[in-house]
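In terms of this note's numbering, the sequence shown has 198 at position 194, counting the first letter as 1, and numbering is strictly consecutive.
Keep in mind that the hints were calculated from the coordinates and are not lab data. By construction, the Cβ of each residue, glycine as well, lies at the ideal position given by its N, Cα and C atoms. Treat the hints with care, as some may be off.
To be verified - Okay, derived cross-link-like pairs now, BS3-like style, lysine-lysine, Cα gap no bigger than 27 Å in a straight line:
hint : residue 1 : residue 2
1    : Lys76     : Lys169
2    : Lys230    : Lys216
3    : Lys76     : Lys157
4    : Lys24     : Lys157
Claimed, not checked - For each label pair, taking beta carbons as the anchor points, the in silico distance ranges come out as:
hint : residue 1 : residue 2 : range
5    : Leu25     : Lys46     : 32 to 40 Å
6    : Asp49     : Asp70     : 14 to 22 Å
7    : Leu25     : Asp152    : 15 to 23 Å
8    : His128    : Ser197    : 28 to 36 Å
9    : Leu19     : Asn50     : 19 to 27 Å
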Amino acid sequence: MKKGLILIVEDEEALLSTLKLNLELENYEVMTAASGQEARSKFKDNNKIINLILLDVMLPEISGFDLCAEFKNIQPNIPIIFITAKSLSADKITGLKLGAEDYITKPFELEELLLRINNVMKRHPVKNENKYTFGNCEINFDNYEITDVNSKKHTLSKREIGLLKLLTEAEGKVISRDEIIDTLWEEDENASSRTIDNYILNFRKHFENNPKEPRYFHSIRGVGYKFTSD
Numbered sequence: 005m006k007k008g009l010i011l012i013v014e015d016e017e018a019l020l021s022t023l024k025l026n027l028e029l030e031n032y033e034v035m036t037a038a039s040g041q042e043a044r045s046k047f048k049d050n051n052k053i054i055n056l057i058l059l060d061v062m063l064p065e066i067s068g069f070d071l072c073a074e075f076k077n078i079q080p081n082i083p084i085i086f087i088t089a090k091s092l093s094a095d096k097i098t099g100l101k102l103g104a105e106d107y108i109t110k111p112f113e114l115e116e117l118l119l120r121i122n123n124v125m126k127r128h129p130v131k132n133e134n135k136y137t138f139g140n141c142e143i144n145f146d147n148y149e150i151t152d153v154n155s156k157k158h159t160l161s162k163r164e165i166g167l168l169k170l171l172t173e174a175e176g177k178v179i180s181r182d183e184i185i186d187t188l189w190e191e192d193e194n195a196s197s198r199t200i201d202n203y204i205l206n207f208r209k210h211f212e213n214n215p216k217e218p219r220y221f222h223s224i225r226g227v228g229y230k231f232t233s234d
C-alpha cells in the first residue's frame, strides 16, 4: 500500500526527476508539474486525494505563493512544503503565513527533505478518503458512484463528483460560485450560476429527505453554497 500521494511542483527538470524517483523509492505515489498552470490543472482535475504538495516558489506563469493560497482556499488542510531558492526571512515568513507546513531552501540535503516529508505525513496520516459518508448516504470518489437517501445507487459525472468533493472537503465553509467555476471548469469552457444551481438541485434530490428544506446542501443567497453533514 502506498504511503500517500505527493504532488511535486518544480520547474528544474533534473531536481523534479530526482525528487520523483526518491519519493517513489520511499513508497509514495507521485504526480509532477513543471509550471504553475500545470500544477493548477493537476490539482483540479485529479480524482485522487493529494496528501502533500512540494512547491517551488519561482515558477512559470503563477508563483508558488499564489498557488499555495489558491490550494489552501480549496483544501484548507492540505500540507504544503515549500522548496525554493528564495532564502530571505521575509519569504519564509510569507510562506508560513500562507499556511505551509515547512519551508526548505535550496540547496538542501535529500535525506533531510525526506525526513521532513515523513514527519509532515505523520502529522497528517492518510485516511481512506475515496469514500465519504453522511447520514444514510455515501459518495465514492473513485468510481463516481453515490448511494442516495433511499439506499439506491447512481453514477454521477466527473464534474458532479468534483463539486461534491469540493463541498465536502470544505465542510461548513461557503464556497462562492466564482470559486466553483474557477476550480471545476477550464478557462475556455462555458459555465454559469444556473449550471451549478442545477447540480445542487440534483444533489438535494439524491441526498435530502426533503429537498425543499435541505439539511446538507445549502444555498447562501448572493454568495454561494455550503455543505454541512449535521
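To see whether the hints hold, each was checked on the structure:
no.	hint	in the structure
1	Lys76 / Lys169	holds (15 Å)
2	Lys230 / Lys216	holds (15 Å)
3	Lys76 / Lys157	violated (32 Å)
4	Lys24 / Lys157	violated (38 Å)
5	Leu25 / Lys46: 32 to 40 Å	violated (19 Å)
6	Asp49 / Asp70: 14 to 22 Å	holds (19 Å)
7	Leu25 / Asp152: 15 to 23 Å	violated (44 Å)
8	His128 / Ser197: 28 to 36 Å	holds (34 Å)
9	Leu19 / Asn50: 19 to 27 Å	holds (22 Å)
Checked against the numbered hints above, the structure violates hints 3, 4, 5 and 7; every other hint is satisfied.
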